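Chains A and B supply the protein sequences, listed in that same order. Take any residue in the first sequence, count from 1 to its spot, add 712: that is its number in this note's numbering. Take any residue in the second sequence, count from 1 to its spot, add 1160: that is its number in this note's numbering.
In short, the hints are calculated from the structure, not lab data. Bear in mind the structure is a predicted one, so any value in this text is a computation, not a measurement. Do not rely on the hints blindly, as some may be mistaken.
Below are the BS3-like pairs computed for lysine-lysine, each with C-alpha atoms no more than 27 Å apart in a straight line [claimed, not checked]:
#	chain 1	residue 1	chain 2	residue 2
1	B	LYS1306	A	LYS747
2	B	LYS1306	A	LYS752
3	A	LYS747	B	LYS1172
4	B	LYS1172	B	LYS1388
5	B	LYS1172	B	LYS1306
6	A	LYS752	B	LYS1172
7	A	LYS752	B	LYS1388
8	B	LYS1306	B	LYS1388
9	A	LYS747	B	LYS1388
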Amino acid sequence: MNPWPFVAAAYVVAIVGTSALLLWSWLSMRRAEAKADALKRP
Amino acid sequence: MHFLANPARFLKIARPATAWLLWPGLLLTIAGMAAGLILTPPDYLQGETVRILYIHVPAAWLGMGGWTGIAVAAVAQLVWRHPLAAVAGRAIAPAGAAFAAICLATGSIWGRPTWGTWWEWDGRLTSMLILFFLYLGYIALAAAEKERGGEGRVAALFGLVGAVNLPVIHYSVLWWRTLHQGQSISVAGGSSIDGDLLWPLPLTLCGFTLLFGAAVLMRMRAELAEAKVEARLRRSAAE
């Protein structure tokens, strides 16, 4: 059995999963902080 | 910990700390994964599939570490009524769930060429799957409690009770006959894995841990900003 497709699949899962978590956290933070800043301005 | 009880003071530290965790985390993770894929030799028994170790172990560590963080936040909330503890618990849960899911998926992919099966209902795999479901339960419970305007005490109690699963995961390979290998890396007793294979693991362990910390800080900042907006809207509606 060729092991490389399994190794590649595992790395893709880890990279996509971690990237999705970071991107979602960053976008939700940016959106929330922009909303809070907009309310602060007169 | 009490020093950070003031959200303004916490944010003053959290804003630069997010970048301090994110960029070194990305660098260490990429370096560790590249080293694990290119520079280390194949294992004499498992061959090339051993390279999955460099992502599977950090994911397992962070899946369990995340729930430890939830339990610590729960104690801080229930005992000291720390104002940021519930926010921290809610911020840790999605990151912990993501890494528990990555651990399960990469473990399953590793299992197919090594054990000949994608899944086995043995102690380690089942207790890890339970941890993932506990995360989902915690996320739903904490969100429902927040929506009702609660303090998050029920979610905190759930976080404490769920911590019982952590020693079960850790000792499952000793308590039951299992397909999963026994403990091969110990903080106190060194490692049974050869140094030529092991050296990229600390890089990915530190890298993924820093990325986990960055994700938690970003979620905490989002929660605090949302709370500020809500409070301001409520105040202006009352005026």
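Sort out which numbered hints this structure fails and list those numbers smallest first.
Violated hints: none at all, because every hint is consistent with the structure.
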